[in-house]
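Enquirer: Here the sequence shown stands for residues 112 to 283, where the numbers follow my numbering.
Hint data in this document are derived by calculation from the structure and do not stem from the laboratory.
Note that beta-carbon positions come from the ideal geometry of N, C-alpha and C, so glycine has one too.
Wrong hints could be hidden among the right ones.
Computed spacing ranges between beta-carbons, pair by pair [claimed, not checked]:
1. 169 / 203: 41 to 49 angstroms
2. 237 / 165: 16 to 24 angstroms
3. 175 / 215: 41 to 49 angstroms
Straight-line C-alpha distance at most 25 angstroms; calculated DSS-like pairs for lysine-lysine [claimed, not checked]:
4. 178 / 139
5. 178 / 158
6. 183 / 210
7. 158 / 123
8. 178 / 197
9. 139 / 210
10. 226 / 214
11. 149 / 175
12. 149 / 197
13. 149 / 123
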Amino acid sequence: MSSFENSPSLEKWFSLAESLSSETALYKDLLAVCERQKEAVIGNDVKAVAAIVEEQQSGLNALKKLKLEQDKLLSALACEDQRIPKLEEILELAPIGLKDELKRLLESRQAQATKLRTEGSLNRTLIDTQLQYTSFCLDLMTGRDSIPGTYSGSGALKDDGVPRRKIIDQSI
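Go ahead and model the full structure; you've got the sequences and the hints to work with.
Expert: Take a look at the structure:
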């Protein structure tokens with residue numbers, strides 16, 4: 112840490128605080144989008160899901176751009192260090208008046224990121240479940256069963272000889 116400047120300009124520190132605040136706001140926006148996505152998936156609203164995915168991509172692109180700007184800012188706050196310093200390392204050098212605010216912003220950002228990961232995982236599970244259900248329904252209608260034939264020693268698919276029946280083609 113001795114390679115960090117002892118007193119970078121206050122402007123850079125305020126820019127870092129603003130950047131962390133912006134990142135936290137983006138995470139909150141993405142959390143709201145994830146909530147709408149969850150409702151759309153549960154409601155089986157395919158058009159809404161497609162629009163939400165585009166909105167998520169836009170938010171992720173904004174986060175990526177913000178991250179690049181943060182990396183430049185962190186490098187500017189470091190002196191001769193060839194690597195981009197970790198935010199936690201830089202915060203130790205922050206001016207006394209800003210150090211607590213920056214740490215609070217960092218904690219808030221981390222909390223929002225954790226919530227976003229949790230929501231994203233839940234939505235992924237919901238989408239996977241929806242896809243499995245849809246596949247099951249299609250298999251019922253088309254006559255494909257969930258147990259495929261087995262392979263013989265030569266590698267050819269061995270059919271069990273049972274004709275596949277379709278729900279739609281069955282007579283009452």
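Enquirer: Taking the CB of residue 237 and the CB of residue 165, does the distance hold inside 16 to 24 angstroms?
Expert: With Cβ atoms ~19 angstroms apart, the hint holds.
Enquirer: Take a quick look at whether residue 183 and residue 210 sit within 25 angstroms of each other, Cα to Cα.
Expert: With a Cα-Cα distance of about 20 angstroms, the restraint between residue 183 and residue 210 holds, given a limit of 25 angstroms.
Enquirer: For the pair residue 169 and residue 203, does the Cβ-Cβ distance stay inside 41 to 49 angstroms?
Expert: violated (35 angstroms)
Enquirer: Within a Cα-Cα threshold of 25 angstroms, do residue 178 and residue 197 meet the stated pairing?
Expert: At roughly 12 angstroms apart (the allowed maximum being 25 angstroms), residue 197 and residue 178 satisfy the hint.
Enquirer: Hint check: residue 149 vs residue 175, CA-CA at most 25 angstroms. Holds or violated?
Expert: At roughly 24 angstroms apart (the allowed maximum being 25 angstroms), residue 175 and residue 149 satisfy the hint.
Enquirer: Check the hint pairing residue 178 with residue 158 against an upper bound of 25 angstroms on the C-alpha distance.
Expert: Given that 25 angstroms is the threshold and the Cα spacing comes to 31 angstroms, the pair is violated.
Enquirer: Is it true that the CA of residue 149 sits at most 25 angstroms from the CA of residue 197?
Expert: violated (34 angstroms)
Enquirer: Check the hint pairing residue 139 with residue 210 against an upper bound of 25 angstroms on the C-alpha distance.
Expert: Between residue 139 and residue 210 the Cα gap is close to 23 angstroms, so the pair holds against 25 angstroms.
Enquirer: Between residue 178 and residue 139, does the CA-CA distance stay at or below 25 angstroms?
Expert: holds (16 angstroms)
Enquirer: Given the hint that residue 226 pairs with residue 214, test it: the Cα-Cα distance must not exceed 25 angstroms.
Expert: OK: residue 226 and residue 214 at ~18 angstroms, within 25 angstroms.
Enquirer: Determine whether the Cβ-Cβ distance between residue 175 and residue 215 falls within the hinted range of 41 to 49 angstroms.
Expert: Violated, at about 24 angstroms.
Enquirer: Is the straight-line distance between the alpha-carbon of residue 149 and that of residue 123 25 angstroms or less?
Expert: Violated: residue 149 and residue 123 sit about 39 angstroms apart, past 25 angstroms.
Consistency with the previously given hints fails for numbers 1, 3, 5, 7, 12 and 13, ordered from lowest to highest.
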